[in-house]
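Each chain, letter by letter, is given below.
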Amino acid sequence: MPIDVARYHGWNGTLRGPWYSALAVTRTTLRQVFRRKVLWVLLALGLFNFLLYFALIYASTQLPRVGDRLLERMDFVVRPDAQQRNGYLRFVEQQGLVVMMLLAFAGSVIIGADFRQRGVAFYLAHGLHPVHYLWGKWLAVAVLLALVTALPALVLFVEYGLFTTDWDYWWQNRAVVSSVLGYVLVMAVVLGVLLLALGTWLHKTVPIAITWTSLLVLSGAVAGQLTRSTGNRYWLLLNLWRNVRVVGRWFFGYYPRPEDRLLAPWAALILGGLTALCAALLWWQLVRLRRWD
Amino acid sequence: MIRFGYAWTALVSATFHRLWWSLHSLLLVFPAAAICLFVLRWRGRFPQQEPEQIVHTLSLFTEVVVIYMFASFLVPVVALSFGTTGLGGDREEGTLVFLLTRGIPRWSISLGKLAATLPLVVVFTVAAYWATCRLAGPAGQLAWQAFLPPLFWGAVAYGCFFHLLAALVRYPTIIAVVYALFVETLLGNLPGVIKQLSISFYIRSWIYRIGEPWGVEPPSTFLPISAAGCAAVLMSVAGASVLLSLWVLQRKEYIEKES
Amino acid sequence: MNDLAPRDDSAQVVFDRVTRFYGPVIGLNEVSFTLPPGVTVLFGANGAGKSTVMRLASGQIRPSLGRVQLLGRDAWSTEAKRHLGYCPDVDRFYEEMPGRDFVRLMVRLQGYSPRQARHLAEEALARVDMVHRAHRPLRTYSQGMRQRIKLAQALAHRPQVLLLDEPLAGVDPGGRHTLLELFAQLGDEGRCVLLSTHMLREVESLARQVLVLVQGRLVAQGTLEQIRQWLDDQPLLLALEADQQRPLARELIGWEEVLSVQVEGPRVLVRVQQAGSFYQKLNHLAAQAPWQLRRLEPLDVGADAVFRYLNQRP
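Protein chains in written order, with the working numbering: chain E, 2 to 294; chain U, 13 to 271; chain R, 15 to 328.
It is worth saying that the hints were derived from the structure and are not from the lab. Check each hint, because a few of them may be wrong.
[To be verified] Derived CB-CB ranges, DEER-like:
| id | chain 1 | residue 1 | chain 2 | residue 2 | range |
| --- | --- | --- | --- | --- | --- |
| 1 | E | Asp169 | U | Phe42 | 30 to 38 Å |
| 2 | E | Val178 | U | Pro225 | 21 to 29 Å |
| 3 | E | Val156 | R | Gln306 | 45 to 53 Å |
| 4 | U | Phe42 | E | Ala281 | 43 to 51 Å |
| 5 | U | Val41 | E | Ala281 | 40 to 48 Å |
[As the list claims (entries may be wrong)] Computed, partial: chain R to chain U, Cβ under 8 Å:
| id | residue |
| --- | --- |
| 6 | Tyr108 |
| 7 | Leu123 |
| 8 | Ser219 |
[As the list claims (entries may be wrong)] Reference listing, derived: stretches of chain E covered by chain U, where coverage requires no fewer than 3 residues with Cβ under 8 Å from a Cβ of chain U:
| id | segment |
| --- | --- |
| 9 | 136 to 149 |
| 10 | 187 to 194 |
Every residue, glycine too, gets a C-beta built ideally from N, C-alpha and C.
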């Protein structure tokens, strides 16, 4: 039978580049993650916090007497007064806890399973270089992060502007948008690369979760106790999660605790080193992947 | 009966062997070593020549190491690692079908998996605790004798509970990670009675009760229950989890798919 | 269902009006059959219910209605599983374990002593030609080698009933020949072997009986000759669509394979016997006729499926 009769024919459209094709990797990965019911539980947890802030903003803008009291400790402007905390920063940092849990379980689904069950070969058989594959996977992590942190924070920003009578709020506080996005970008780069590195090497949920919690939870406990017992604040730099927060706060230009300003460059250095190390581990895996390519 | 004995022993030893030589065992050494290193660095700050100094150090050691690092972190993580992978590993990897089509009772598969995982959970926890106490000096010696029962029963309760999760759900490790990070961390630290839903509350309560004579005091909102009550709850959680997991495996259909 | 197979008193596996639901989906619909000693081939397309039959027979799941028995015992029971060897279709193992250790472990899980297990495992490995390759970890095996190890663990404890789910998948042609000989041998030994496959041609020589499943129903059971005979006798209802129905109907009515022709709107409904011969003639007709045949749709799904399986038509 001639091939035309079988209706086989070449693709006549214009093929896009592999960086664009990597979006398919992102889409597939997100679909796999969203199939897990646990993810929805965590998203619901994040949503619960979002609703609390939503109600807080509503009360503080619509009920003046209640609002004054609520805004004594927290405000929703770029530079709150002394003693006050930036509401957006606080919200994003609280959502960070959901992110920590979410990524602890998602590492295996996002990338570990591809390596364990050799699914990565399917991606690489479609004209994608391993770099593009990893780019797609990183984007999936970034989207998940943004979904839990940046997106609801920006919705709160829109809400505050809508409920205040001063429509200039958005323009005057436009830096909030870049601050939130900057903070989330730091999280996405550091946590994303760390998670991908752990996923490519450890594959399964349990090893990833052990390492993840040791690096982000235990390191915090050890750092806190060492700082308390020695009085040396540089021990705080052992706390990786805190380092992410300290560097993220740079985008807000706002440090509620003075020692954070002092530690910020060191924290950035440590995170940079960790990210470079993880990137090197990923590169090592890339070399192995290319043998399959 | 002899045939059952052979089969069951084979199941236990194979599971134990697989878990012992797994990546989890290796990875768990790192947080345990980190705690030991921390204690080494930390003990230098607290002289322990006089009895009062020892008591003071013991009080701090209990708060920082026993409660914060062991009860709240290492014990659940160790239990999660082994507890969910004994039976859960077979479920996630799709190898449970080989066990379920053998001529051994289904409930005994659950019991065999637990018999292999629980010793690992307990031995790992106790060994890490022993090493930490040895490194902590005289205060550590006291803490070793005093707080071993709550940590031991805590490890058993967590181990059995995670084993039950493995019998119940398809991806137990994911659920267990969320449970350990969310229920245990978040609910376990909320004020009021809701924290009584977490296993770590009973371990910590027990530790606070034992530590009372040395001035180990809980936060004002913690409201610990009696040591006997804690022991009863932890043992009940373990016992109920074991019985439930046997019942679940005996009854439940496990349809393994290529995923 | 046509029940051509005689009732066998030595039936080792019994499916008695078995229905199985997966939630709202029906996986198996009131299926009854018995398996005597010897090789039986279970045949059907993807989703036909083959795996459900295998899972029910191996006691992994229970029927929603009806009963499944192995050697007179409930298939779910531990006693039944003592006499069962199961080769699943899923490609999952304890990957870090050498093949030999895996087979030994599986034998030991049947209750044999370590010494007996060693002996039985070696015997099984020899039967699947893996003795010299069984020392390597399973993760390093090719698809065919993994399939052989799965088979070895199924037959190592010399079970009376063997359920083999797609046992030839991934095995090279030479290996297939060896394994087919092994299956025939197992059948000759008086074991009851139920073998599910897509490739009837390969296994038809050793099949004592064939079960054909279509959409959860058992549509045919018996020897291949019996089924072919049944199919020839079985009128098959086809709907044909052409740009001119009446010339088509006129042409068809004269054929000896055609029992009746009915023009119904744009369709011509044809009841035929000896479908193979009919299809061949229709091919020639469609190539030569001035009118165009647009569509051919079998309305009797079961009989058509059996026909397609037997003729290996996609």
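Taking the hints in turn, this is what the structure says about them:
About 53 Å separates the C-beta atoms of E:Asp169 and U:Phe42, a value inconsistent with the hinted range of 30 to 38 Å. Take E:Val178 and U:Pro225: their Cβ atoms lie about 57 Å apart, and the range 21 to 29 Å is violated. Restraint check, E:Val156 to R:Gln306: a C-beta distance of roughly 60 Å breaks the suggested window 45 to 53 Å. For the pair U:Phe42 and E:Ala281, the supplied restraint of 43 to 51 Å is violated, since their beta-carbon distance comes to about 19 Å.
Take U:Val41 and E:Ala281: their Cβ atoms lie about 23 Å apart, and the range 40 to 48 Å is violated. Because the beta carbon of R:Tyr108 sits about 6 Å from the nearest beta carbon in chain U, less than 8 Å, this interface hint is met. Hint status for R:Leu123 relative to chain U: holds, with the closest Cβ pair at about 4 Å, below 8 Å. Given the 8 Å rule on beta carbons, the hint for R:Ser219 is violated: about 28 Å separates it from the nearest Cβ of chain U.
Counting residues of the segment 136 to 149 of chain E whose beta-carbon sits less than 8 Å from any beta-carbon of chain U gives 0, not enough to reach three: the coverage restraint is violated. With 0 residues having a beta carbon nearer than 8 Å to a beta carbon of chain U, the segment 187 to 194 of chain E misses the requirement of three or more and the stated coverage is violated.
The structure shown violates the earlier hints numbered 1, 2, 3, 4, 5, 8, 9, 10.
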